[in-house]
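J.: Those letters in the sequence shown? Residues 682 to 794, by our numbering.
It is possible that some hints are incorrect.
As the list claims (entries may be wrong) - Computed beta-carbon distance windows for the label pairs:
#1 790 x 716: 39 to 45 Å
#2 692 x 759: 18 to 24 Å
#3 794 x 696: 34 to 40 Å
None of these hints come from the bench; they were simulated from the model.
Glycine included, each C-beta is placed from N, C-alpha and C at the ideal position.
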Amino acid sequence: DSMLRSRAILSLERRDASSGGGIEAKVQGSGPDSVYVVRVPVLEMPADLVAHCSCPDYSNRAGICKHGAAVLLALVPGSGYTVPGAALAAPSAQADVDAKLMPPPLPPPPPSP
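With these hints in hand, go ahead and build the complete structure from the sequences.
T.: See the structure below:
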C-alpha cells in the first residue's frame, strides 16, 4: 500500500501476445538508481496470483516481493491507482488505461443440454 501511495510504480502496461501477454510494470526500488521490472502473467482462473520481479528479494525468497505486491494491488479495480501522468491528462485518460489493462470479457458459457 505504501508503494502505491508513494507512486513507486513508474509504468504499467499490457504486453501483447507475441511477448507472452500479461502485464509489465517498472517499479522504483529503495535506492535512487534501482528500478525493477515486474511481470504478471495471464493465468487461467482460479489461480494463485503471480508476479515475477527482477529484484534480489524476489530471487532470494522464491516468491512475491513488495514490488510485485504493489503491482497486483494497483491492478485491483477500485484501488484508486492512476498511471503516472494520467492525473494531468483528460478525465477519460484513466478509463482508457483501465480498458487497456483489463482482460477482455469471457465468452458466455455454452447452453445447458
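J.: Each of the hints needs a verdict: does it hold here or not?
T.: Evaluated hints:
1. 790 x 716: 39 to 45 Å: holds, 42 Å
2. 692 x 759: 18 to 24 Å: holds, 21 Å
3. 794 x 696: 34 to 40 Å: holds, 38 Å
In this structure, every one of the numbered hints holds.
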